[in-house]
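Peer 1: Take a look at the letters that make up each chain.
Protein chains: 2
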Amino acid sequence: MSSEPAAVGVVSVGDELMAGAHPDLNAPYLASRMAEFGRRVERVIVVGDDEEHIASAVDALAARCGLIFVSGGLGPTLDDVTRHGVARAVQRPLEECPAAIEEIEGWFTRAGRVMLENNRRQALMPVGATRVPNGFGTAPGFRCEHPQGAVILVLPGPPRELQGVFDAEVEPWLAEHRPDELHRARASAAFVDLPESTFAEAAGAWLERGANPLVGVTVKDGILTTRAVATAATPGQAAAMARERVDSLRALFPERYLAERVDDLGAFVGGELQRLGVSFSLAESCTGGLVAASLTGAPGVSEVFARSFVTYANEAKRSELGVPSKVLEEHGAVSEACARAMALGALERSGAEVAVSVTGIAGPGGGTDEKPVGLVWFGIASRDPGGGAPLIEAEERRWPPLGRARVRRWAANRALAHLLRLARAR
Amino acid sequence: MSSEPAAVGVVSVGDELMAGAHPDLNAPYLASRMAEFGRRVERVIVVGDDEEHIASAVDALAARCGLIFVSGGLGPTLDDVTRHGVARAVQRPLEECPAAIEEIEGWFTRAGRVMLENNRRQALMPVGATRVPNGFGTAPGFRCEHPQGAVILVLPGPPRELQGVFDAEVEPWLAEHRPDELHRARASAAFVDLPESTFAEAAGAWLERGANPLVGVTVKDGILTTRAVATAATPGQAAAMARERVDSLRALFPERYLAERVDDLGAFVGGELQRLGVSFSLAESCTGGLVAASLTGAPGVSEVFARSFVTYANEAKRSELGVPSKVLEEHGAVSEACARAMALGALERSGAEVAVSVTGIAGPGGGTDEKPVGLVWFGIASRDPGGGAPLIEAEERRWPPLGRARVRRWAANRALAHLLRLARAR
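Which chain is which? The protein sequence lines are A and B, in order. If you read the first sequence in our numbering, its first letter stands for residue 1, the second for the next number, and so on. If you read the second sequence in our numbering, its first letter stands for residue 427, the second for the next number, and so on.
Because the hints were derived from the structure by calculation, they are not lab data. No residue lacks a Cβ here, since even glycine has one placed at the ideal position from N, Cα and C. Just to be clear, a hint being listed does not mean it is correct.
As the list claims (entries may be wrong) - Under 8 angstroms between C-beta atoms, here's a sample of chain A residues computed to sit facing chain B: (1) PRO28; (2) GLY297; (3) PHE305; (4) GLY363; (5) GLY367.
Sequences are here, hints too, so could you generate the full structure?
Peer 2: Quick look at the structure:
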């Protein structure tokens, strides 16, 4: 079997990975980044800190792949033997790289410490290798070639360091060493409250394997992110194609669009409320503080967030938010009338411009035929800029009873979406 | 190279793993479970849904290992080809397993649906294989033997299903097929507010490789869990040894002990407060609702949790909790006096038996030399059972400024630990 220039292999090294302490995050990261360059990770091998195992894993991949990433095991201690394993695979002795010694010494100097003798190990590389600087830790990486022709890129194991080195050193190198001489560019858009199935139905024609731009979707923590990777003869063409495709997808759901990229929905919405200067308050029952906790993930949100209320008991809804006893007796706490009264109470008690309330049945107990687990009412109140009576809407959602944590999370995300909509409308 | 009976290999299959959509969680799970049986996962290979790649990965591991797990790619669609890849590796044709057909039909009947023709694919196994029932999904697994002697266990890919099948089917099989004829047992203990370094210092003598019992530690979401795995000639001896070791570790930190195993600190503390019947309230500033949100992860906690307060602004601390203006002016919101007044206010406003307040500087901004980012004050109030004035304590913590999210999470976990201590003391 001879190696495929475009195929990529990954060797992840670490005893901690073999002990089950945590999953290997480097291989998925490298796989998703390689897709941007039109290259596919074909095989990942995970081994412990063992010279023979590392060498044989590199050899196995060299028979199949044109590019091999090796991550981890570059530390200063005796059980870090990745340098030795790779040297054995490429059949070259190790030698100390003077530039790497300087890099490591600089790292210690900046930290106000003295380099230990142990750390000299971190400057070892197979003869003929090229250093790959690491601006994020003490372990430089290197690049070398396997006798069977594959290029081997050896990178540090901590994901923060590997990702930093990838951006700073590997990406520019990859851009220059494209197997097909084409340029790639990516663009993205993040949405809230958009189920993957709804997106796929509307965007269906674009979700094709081998399309250009290639469109992908990920859903995480209530955020749907779509990414387009375009391939073209020039960087400018590729960027324009990717941008155009993402803009057309964004145009399908203008109200649910958040930003190009959002990692934390609560912090993003909190930041938007602060940026737009819209003060808000919350009245939470079934979410029990989740919405407030999410929003306060944003630094500086205190400028627009004075207070909110977690009112679990009916008595608390009465005394803290002024929900009339009659509403609770006639309609119950999970009802349109109660959601409206809670939102109005939060608005009036706090003096904020907008307020959202959440009251529902998160389960597992407490559901009835009429009000099943998964039923959630939202109250959405905003002050009339003209000085009239507050405007109050309500919304009912019925989620499948897929566990207390999920119903609470969905309800909290929906409340965040309401807040964002209110703030943007002002 | 011939296979080592005790060495274990894992093949994780799935295009989604090669696309970087998410990390492989099955290999770490299998590695940590195998350690309980004194067996070591030596190599993990991750491949996409490709028959040749799966077969060659199994062959590569069969040369090194006595036991091979293959997970994923057992679904009903045409791109699920793990059965075909394994059949190719063991050089046997596939045939339909009647018991598996029955199992799949039963699954659909219970769900009130009709089995699709596609799902018949899920009953295919290499000739001579033994079915491994799956009580958690529609894809049965199987066990077969490689021509080089390794036993191959093929399991479903979704982690929930794989873990369920492991407990129900694989664990009993492994207990009977031990390479060394020894029995193993495990015991565990979970602690709150216990840094790994503090634990290691106190427990140092036991944290040895190759010790019996073998002691390991994991830290996740504020919970430190220690596990002991003992090896002995009889199951009873092993169980007693593991229990004794864990009990001795538990005795080092009696106040921080939670339970044998805790997955979610907030839900656990909420459950304990409910079980002990201690009503509580909260006054949160820098945690912004995190403590309330964590506690309400426990179903039924509404019985002892009527209300709590998220008071970000000074004005809210005054009006909602009755913090005196003088306290805020003279000491500021992040101070012992304010933390005490907030806890007292939450206690009195709610009528609860105990209340905890949190006020601090989560960052990244807002720190000063005197009050740096990471400084958090807690107020801890409890009603005097004798009817006297409430008892109020305060605590100061200074965490390293490692990011807003971490400071908030640490502060919330500490507040949970205070609540648990108060409830257990009543």
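Peer 1: Next item in the hint list is GLY367 of chain A. Is there a CB on chain B closer than 8 angstroms to its CB?
Peer 2: 11 angstroms, violated
Peer 1: Is the interface hint for PRO28 of chain A satisfied, with its Cβ closer than 8 angstroms to some Cβ of chain B?
Peer 2: 4 angstroms, holds
Peer 1: Using Cβ atoms only, decide whether GLY363 of chain A comes closer than 8 angstroms to chain B, and label the hint accordingly.
Peer 2: 7 angstroms, holds
Peer 1: Taking the least C-beta to C-beta distance, is GLY297 of chain A closer than 8 angstroms to chain B?
Peer 2: This interface hint holds because 7 angstroms falls under the 8 angstroms limit.
Peer 1: Given PHE305 of chain A was flagged as interface, is its beta-carbon under 8 angstroms from a beta-carbon of chain B?
Peer 2: 5 angstroms, holds
Hint compliance for this structure: hint 5 alone is broken.
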